[in-house]
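Chemist: So the sequence lines, in the order shown, correspond to chains A and B.
At position 88 of the first sequence (counting the first as 1) the number is 88 in my numbering, and the numbers step up by one without a gap.
At position 14 of the second sequence (counting the first as 1) the number is 14 in my numbering, and the numbers step up by one without a gap.
A hint or two may mislead.
Unchecked claim - Think about it this way: if two alpha-carbon atoms lie no more than 25 Å apart in a straight line, the pair counts; the simulated DSS-like pairs of lysine-lysine are:
#, chain 1, residue 1, chain 2, residue 2
1, B, LYS37, A, LYS166
2, B, LYS37, A, LYS129
3, A, LYS174, B, LYS37
4, A, LYS129, A, LYS88
5, A, LYS174, B, LYS33
6, B, LYS37, A, LYS130
7, A, LYS129, B, LYS33
8, A, LYS130, B, LYS33
9, A, LYS166, B, LYS33
10, B, LYS33, B, LYS45
To be verified - A few chain B residues facing chain A, derived, Cβ under 8 Å:
#, residue
11, TRP10
12, TYR20
13, SER21
14, CYS24
15, ALA25
16, LEU27
17, VAL28
18, LYS33
19, PHE36
20, ARG43
Treat the hints as calculated values from the structure; they're not laboratory data.
Even glycine gets a Cβ: it sits at the ideal position worked out from N, Cα and C.
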Amino acid sequence: MLRQGSRLLSRSVTAASSKSATARAFSTELPSTIDSTFVESWKKVAPNMDPPQTPSSFMKPRPSTASSIPTKLTVNFVLPYASELSEKEVDMVIIPATTGQMGVLPGHVPTIAELKPGIMSVHEGTDIKKYFVSSGFAFLHANSVADIIAVEAVPLENIDAGQVQKGLAEFTQKLASATTDLEKAEAQIGVEVHSAMNAALSG
Amino acid sequence: MASTAAVPFWRAAGMTYITYSNICANLVRNCLKEPFKAESISREKVHFSLSKWADGKPQKPVLRSDAPQV
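Extracted from the complex, chain B is given alone in its bound form:
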C-alpha cells in the first residue's frame, strides 16, 4: 500500500527538510553584502565539545569548531 503523494526532489534524494532549509539559509548568507555577511557568519558559528563515555567516566573530549585550532 505505497503512498503515491508527490515528494519534493530533495526528499526523493534522501534529504530531510532541516538539511534542505539549512542549505538554503547558508546559500542566502553567502550572497549578502558586507558587513551583513560577516555578522551572519559569526552568528552561525558552532563550537562544541563531545566526549564519549566508558565505564561511567567521560573519555578525552573532542572539540568541534568552525574556528581553526590554535
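Chain A with its partners taken away, still in its complex shape:
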C-alpha cells in the first residue's frame, strides 16, 4: 500500500492544481462559483441540455461561525422515538463521553464524541436536568450548536434500583463463567451498563 502512496499523492496534487479555481479549504466555505471551463465545454457538446448539478449545489450553505462566542449553547437532544430537546438554549451540558465526563460550553471546539452509558446533565441557569443515556454520539459544531443523539435516555427517577442491583450481580456472574469472546463481551457490556446506572443512582 505504501508503494502506491507516492502515486496517489501526486495524482491528488495534479487534480487539485487543475481545479485550482475551486480549491476548498474547509467544508464551511463552499465554492460559490461553478467550474466555468467545464460549463463551456459542456455547452459545446450538448448546447440544449443543462450542465449536470453536483452534490455541493444542493447543499445549503453551512451555518457561519459567529465572530464572537455566543452566550448560550443550542442543544438538540434526540432519541429514535422522540425529540427530547429541540433548539433549547442552555448554559452548559455535561456529556458522558468515552473519554470521561465532558463539559460543553458555548464556543466549544468542534468535536464528535462517542458517548458511554452515563449521566448527561443540561444546565440552564440554576436548573439542572439529568438523563441516563444508554449510548450515542454528541456532535458539537463551531456555531455553538450541540446535536446529541442517544438510543435510550431516561430521567434518573425512572430507574429501578433493585433491578439494577440484580442485573449487576447477574452479569458479574456471567462474566466470570463466560467462555467465548462474544459471551465475555456481552457480559462485560452488562457489567458496565449496570455499574454506570448504579453510580448514577447513588452519585
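Chain B: place on chain A using the hints.
Modeler: Just chain B now, with coordinates in the frame of chain A:
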C-alpha cells in the same frame, strides 16, 4: 501494514457498534420502573413478514414477531 489503533473490547470480540448500542439500550430498558418499562417494551416491539421470491413470485411469507403466535 496492520493498524494498531486501540479497539473497544466489543469490536475486538466481533460485535458491531449497532449491536453494542442496542444491547446497552435493552439493558437500560429492563431496569426501568413500571409503567415506563411496559411503555418502552411495547414501543420497541418488532413485527414483520418476510417472503422469499422464486421465479418472480413471492413464496409463503414468514411472520416474525415479538407477540406470541395466535
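Chemist: Indicate, hint by hint, whether the structure satisfies it.
Modeler: Results for each hint:
1. LYS37/B x LYS166/A: holds (16 Å)
2. LYS37/B x LYS129/A: holds (21 Å)
3. LYS174/A x LYS37/B: holds (24 Å)
4. LYS129/A x LYS88/A: holds (13 Å)
5. LYS174/A x LYS33/B: holds (24 Å)
6. LYS37/B x LYS130/A: Holds, at roughly 19 Å.
7. LYS129/A x LYS33/B: holds (19 Å)
8. LYS130/A x LYS33/B: holds (17 Å)
9. LYS166/A x LYS33/B: holds (14 Å)
10. LYS33/B x LYS45/B: holds (18 Å)
11. TRP10: holds (5 Å)
12. TYR20: Since the shortest Cβ distance to chain A is 6 Å, the answer is holds.
13. SER21: Where the cut-off is 8 Å and the nearest Cβ of chain A is about 5 Å from SER21/B, the hint holds.
14. CYS24: Interface hint status for CYS24/B: holds (4 Å vs cutoff 8 Å).
15. ALA25: Check passed: Cβ of ALA25/B comes within 4 Å of chain A, closer than 8 Å.
16. LEU27: Since the shortest Cβ distance to chain A is 5 Å, the answer is holds.
17. VAL28: Because about 4 Å separates VAL28/B from the closest Cβ in chain A, which is inside the 8 Å limit, the hint holds.
18. LYS33: holds (5 Å)
19. PHE36: Interface hint status for PHE36/B: holds (5 Å vs cutoff 8 Å).
20. ARG43: Nearest chain A Cβ about 6 Å off; hint holds.
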